[in-house]
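S.K.: For this one, chain A is given, so just place chain F on it according to the hints.
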Amino acid sequence: MKVTLVAHTPGVETMVATSMLTTTSSSLPSTIHGRLVGSPEEAGEVVGRLEVQHGNVLEHNRLIWVVEATRDEVLEAMLDTRFLHFTRLGDDRWLMSGNLRAVVEYAQSKDSALTRELADSVMDVAPMVHRFMRRGHP
Amino acid sequence: MKARLLAYTPIASLAGCRGELTLRELLPHMGYTFAVEKISRACSHQLVRHRVASFSQQSQRYITVKRLSERVVTPPSVEAAGEPVFLELVEKASEAYQRLVDQGVPKEDARFVLPNAAETSLLMTMDGRSLFHFFGLRCCNRAQWEIRALADAMLGEVRAAEPEVFSEAGPYCYQLGYCPEGRFTCGRMQEAVEKYSA
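These protein sequence lines map, in sequence, to chains A and F. In my numbering, each residue carries its 1-based index in the first sequence increased by 126. Oh and the second sequence: position 69 is 53 in my numbering, straight run, nothing missing.
By construction, these hints were calculated from the structure, which means they are not laboratory data. For glycine and all other residues, C-beta sits at the position ideal for the given N, C-alpha and C. Hints should not be assumed to be uniformly reliable.
[As the list claims (entries may be wrong)] Just so you have them, the derived chain F footprint on chain A, three or more residues with Cβ under 8 Å:
{"no.": "1", "stretch": "131 to 145"}
{"no.": "2", "stretch": "184 to 196"}
[As the list claims (entries may be wrong)] Just some of the chain F residues that point at chain A, by a computed CB distance under 7 Å:
{"no.": "3", "residue": "-10"}
{"no.": "4", "residue": "-9"}
{"no.": "5", "residue": "-7"}
{"no.": "6", "residue": "-3"}
{"no.": "7", "residue": "-2"}
{"no.": "8", "residue": "1"}
{"no.": "9", "residue": "3"}
{"no.": "10", "residue": "9"}
{"no.": "11", "residue": "12"}
{"no.": "12", "residue": "13"}
{"no.": "13", "residue": "46"}
{"no.": "14", "residue": "105"}
So that you can see chain A by itself, here it is in the shape it has in the complex (with noise of 0.2 Å):
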């Protein structure tokens, strides 16, 4: 099994910080995100708060994955969680979607390869959620 992210929707930390403070703050949620986006401090600082927030605050960005993978093992995935979609790109190559929430809530329900792949296929995208997640906390 290959697990690649081909996209993502931009600044998915910063995002994750603009909805936690959303839900607590009189701003709008376009000025928040504004200022979180000229500064990268306060959103690091804000996502560093992550683990007394609820999970639906991952869930304002989308990722999507290449996955080379057979009918059983994507039928796995899909009887596992119903929080990840799938299309098929061809023979055992799927096209994969889902949210943060998804990745780090399947990731901590259960280890495998694919799961681990996933992991690791948002250090880059989501480096202190990826970190939290390694905790084993979000």
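M.R.: Positioned in the frame of chain A, the structure of chain F alone reads:
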């Protein structure tokens, strides 16, 4: 009311790996995140019925409501009626809320007196296929005016960002070429088609 597209997965980013897949087949994989701002709670209640989406909404548990009368959405029909009872009730709700908060009642309980007209803002993320369905229902002339205005604003944002993907999005009569509302049809399909073709 305002809707801004903050982030999305550009369809072009899949150019090298989409194979024979059509735009429609790619839609469930694409994500769109909007800042939806200054809508009423009545509108957000309708919005969250679209379950294949993610929402992060300003919480009335944590955010103190100040100057409520300046932060309500007033329906045009109420304004047209010229009837003061709407604003009088908002003022009374505001006073009751503030009195409860001043007496130490938690905001999560004091908010029970707040009206559906109270403004709220939120982040909303939806995949492309669900967004087509959302536009199909909520751009329709039969949709309630506030969520229809919101859907039109969101459609404008995604059409500007991805015209190739969303040129066919709009109310179901525009998408399908017929009105699926049956006997409830507004009877103005041609007008809708012209509006969304523009």
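S.K.: The structure should be examined with respect to each hint, and the outcome stated for every one.
M.R.: Hints, verified against the model:
1. For the stretch 131 to 145 of chain A, the proposed coverage by chain F is satisfied: 9 residues have a C-beta within less than 8 Å of a C-beta in that chain, meeting the threshold of three.
2. Residues of the stretch 184 to 196 of chain A with a Cβ under 8 Å from some Cβ of chain F number 6, which satisfies the need for three, so the listed coverage holds.
3. The criterion of a C-beta within 7 Å of any C-beta in chain A is met by residue -10 of chain F, whose closest approach is roughly 5 Å, and the hint holds.
4. The interface hint given for residue -9 of chain F is met, as the beta carbon of that residue sits about 4 Å from the closest beta carbon of chain A, less than 7 Å.
5. Restraint check, residue -7 of chain F versus chain A: the minimum CB separation of about 5 Å is within 7 Å; hint holds.
6. Below 7 Å, beta-carbon pairs count as interface contacts, and residue -3 of chain F has one with chain A at about 4 Å; its hint therefore holds.
7. For residue -2 of chain F, the shortest C-beta to C-beta distance to chain A is roughly 6 Å, which falls under 7 Å, so the interface hint holds.
8. Satisfaction of the interface hint for residue 1 of chain F is found here, the shortest Cβ-Cβ separation to chain A being roughly 5 Å, below the 7 Å cut-off.
9. Of the supplied interface hints, the one on residue 3 of chain F holds, with its beta-carbon coming within about 5 Å of a beta-carbon of chain A, less than 7 Å.
10. Taking 7 Å as the C-beta cut-off, the interface hint given for residue 9 of chain F holds, the closest approach to chain A being about 6 Å.
11. Given the 7 Å rule on beta carbons, the hint for residue 12 of chain F holds: about 5 Å separates it from the nearest Cβ of chain A.
12. For residue 13 of chain F, the interface hint holds, since its Cβ comes within 7 Å of a Cβ in chain A; the closest pair sits about 4 Å apart.
13. The beta carbon of residue 46 of chain F is positioned within 7 Å of a beta carbon in chain A (closest approach about 4 Å), and the interface hint is therefore held.
14. For residue 105 of chain F, the suggested interface contact is upheld, since its CB lies about 5 Å from the closest CB of chain A, less than 7 Å.
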